Amino acid sequence: MNRIKNILLSLALLSAAQCLAAQAHPNFVFILADDMGYGDVACYGHPYAKTPAIDRLASEGVRFTQAYAAGQTCNPSRTGLMTGRSPARFEKRTDDFDFGDRVTVTELLNKSGYATGHFGKWHIGMDRSNGVYGIDENDSGGIPDRFSPEGRDTPIFAAAIDFIKRHKDEPFYVNIHGFTTHAPVASAPNFLVEFSDLTVDRSDFSEYMQPIFDDSIELGGDLDLAMRHYMGNVYAFDLNVKGVLDVLDELGLSENTIVVFSSDQGPQRPYGIGLHAWGDKAKKKVQKTRDGVVKKRDTNAQNMLGDAGVFRGNKGTVYEGGLRVPFIVRWPGHIQAGVVDSGNVIGGIDWLPTICSLAGVKNVPNDLDGEDVSDVWLGATRSREKSLLWNSGDNPGVAIRDGKWKYYLISKKGKETGKEELYDILKDPAESKNLAKQYPEVASELKTKVQVWKAELPTQIIRTGKYRHQY
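Position 100, counted from 1, in the sequence shown is what numbering that gives the first Met the number 0 calls 99; the numbers after and before it change by one each time, with no gaps.
To be clear, the hints were calculated from the coordinates, so they are not data collected in a lab.
Keep in mind the model is a prediction, meaning the values are calculated, not measured.
Glycine included, C-beta positions come from ideal geometry on N, C-alpha and C.
One should not assume that every hint holds.
[Said to hold, decoys possible] Straight-line Cα separation of at most 25 Å, SDA-like style, residue types lysine to any residue; simulated pairs:
1. K91 / K164
2. K412 / L357
3. K446 / T416
4. K403 / K465
5. K164 / Q65
6. K432 / T463
7. K167 / D97
8. K446 / S410
9. K167 / D213
10. K465 / G133
11. K418 / A379
12. K403 / S431
13. K432 / Q65
[As the list claims (entries may be wrong)] Now the in silico label distances, taken between C-beta atoms and shown as ranges:
14. E384 / P188: 37 to 45 Å
15. S195 / T463: 44 to 52 Å
16. V451 / D95: 38 to 46 Å
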C-alpha cells in the first residue's frame, strides 16, 4: 500500500513539475495578416467587418492602440520582427540575401528546445528550406487561390494547425503569416453572400478614405461590391483564426499558449489606384500603365479598400497610416482579459526580445533596436526606453516616434530637403497640424536624434533583384 502511495505521490509531483515547466515555456502562435489596415477589424472600429474570432482574442486579452510595424513594407517589416534590428541597418536587402550574421527569434527559441514552424508568406530570403533561421518546418512556397470558396489562406492555417497537433506535447512557436489582404483582393461568392446587404455610407469613414473611394468608383463603378469583396477577405481570414483558437481549446493548450494577432503594415494602394489619392503625378503614372484599362497586375484594384482608421498614409509611407497596426495579445491567466491599452507604445521591432523574455531564452543580443515589452503585455504602463525609427527613402523620409511626438525629416531623391514635420500624435493622431515651427526646440532635438541614427545606416543597399515576390 505504501509503495502504491509513493508511486501516486511521485506521479503527482511529476505532473506538477511538468505543469510548472510548461508555464515557464509557453507556446507561441503568431498570426500575421498582410496589409490589413488598423481599422479593418470590428474591434478596431470598422463599421462593416465581421471578425468574431479576432474580437474574441481582444475580449480575452489586451488590444493595443499604439502598436507600430517594424517597417512600412513587407520585407522590412518581417526583417524587424525576426531580428529585432531595424531593417534599415542591413547592407544587403534581406529578401535577395538573408540576415547575415544576425540571429533570429526562431533560431533562439529552437536552440532553447522549441519546435518551430513557419507557414505562409515568407519574403525574408531566397532559402525556404527546413532548418533555415532555426525553423524546423517551413511551408512558405505556395501562392494561395484568392478565389477559393474556403478562403485563400485556409491551406496555410490548416498546415499550421497540423503542426500544432503534432507538437502539442512540447513547447512550440509557430508563425502563421497569411496573404490576406494583400492585393489582388477578390472574394468567392459564398463570402460575398455574407455581405449582400452591405451599402457603403461614406460618412462612416475618415477623410483619408474618401479619395480611395473615388478611385474605386472610377476603376470599378460599384463601391458597394468592392467593399463586399474586401470585407469577404477579412471575414475569411477571421474564420481561419477561429480554427486556430478552436484547436487550442480542443487540445487543452489555450492556457499555456500566447496568441498574437497583428498586421505587417498599413493598407495597400496598388497601381491603378491613385487617380485621386495620389495626385497628378500618380495619375500620369497610372495612365501609362493602365491606358484606360486596368491591366492584369491591377485586376480588382477597385477592391483595395483597406482602412487605416483616422490615420494619414498607407503602406509604403512612414506616416501613421502606413505603420500603425492592430495588435492583440492573449494569454489566459497571465494577461488580463478585455483590456484596451492606449497608453503604451510598442513596435514589431520589439518582437524578438519580448518573445525571448517570455520563453526564458538566454543569450539574446544586446545591440537590438527593439526592447523587451513583455511587462507591458502583462499589464505594466511605462514610457519606452528606445525611440522607434524608420527610414523610408522619399516616403517621406526618416521618421521617429519619441514620447508623444512624431517627427519627419523629409527627403527627395535620397537627399534631405530641409523640410520637417512635427506632430503631437496623442492630440493629433491624424497628423493634420505640423507643429515644427511652433515647437522649434522639440523639432531640433528630434532632428539631431534622427541624424545621429541615420549616420549609422549604410549609404547604399545591395540587392540582386532575383527575389520574385508574387503577392
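Do the hints match the structure? See the list:
1. K91 / K164: Given that 25 Å is the threshold and the Cα spacing comes to 37 Å, the pair is violated.
2. K412 / L357: It is violated: about 42 Å lies between the C-alpha atoms, which goes past 25 Å.
3. K446 / T416: Holds - the C-alpha atoms of T416 and K446 are around 13 Å apart, at most 25 Å.
4. K403 / K465: 41 Å, violated
5. K164 / Q65: 34 Å, violated
6. K432 / T463: Violated, at about 41 Å.
7. K167 / D97: Violated, because 30 Å separates the two Cα atoms, which is more than 25 Å.
8. K446 / S410: Status holds; Cα separation ~13 Å.
9. K167 / D213: 49 Å, violated
10. K465 / G133: Distance ~23 Å between K465 and G133 Cα, so the pair holds.
11. K418 / A379: Given that 25 Å is the threshold and the Cα spacing comes to 37 Å, the pair is violated.
12. K403 / S431: With Cα atoms ~15 Å apart, K403 and S431 stay inside 25 Å; holds.
13. K432 / Q65: 19 Å, holds
14. E384 / P188: 37 to 45 Å: 51 Å, violated
15. S195 / T463: 44 to 52 Å: 47 Å, holds
16. V451 / D95: 38 to 46 Å: Violated: the Cβ-Cβ distance is about 28 Å, outside 38 to 46 Å.
Going through the hint list in order, the structure does not satisfy hints 1, 2, 4, 5, 6, 7, 9, 11, 14, 16.
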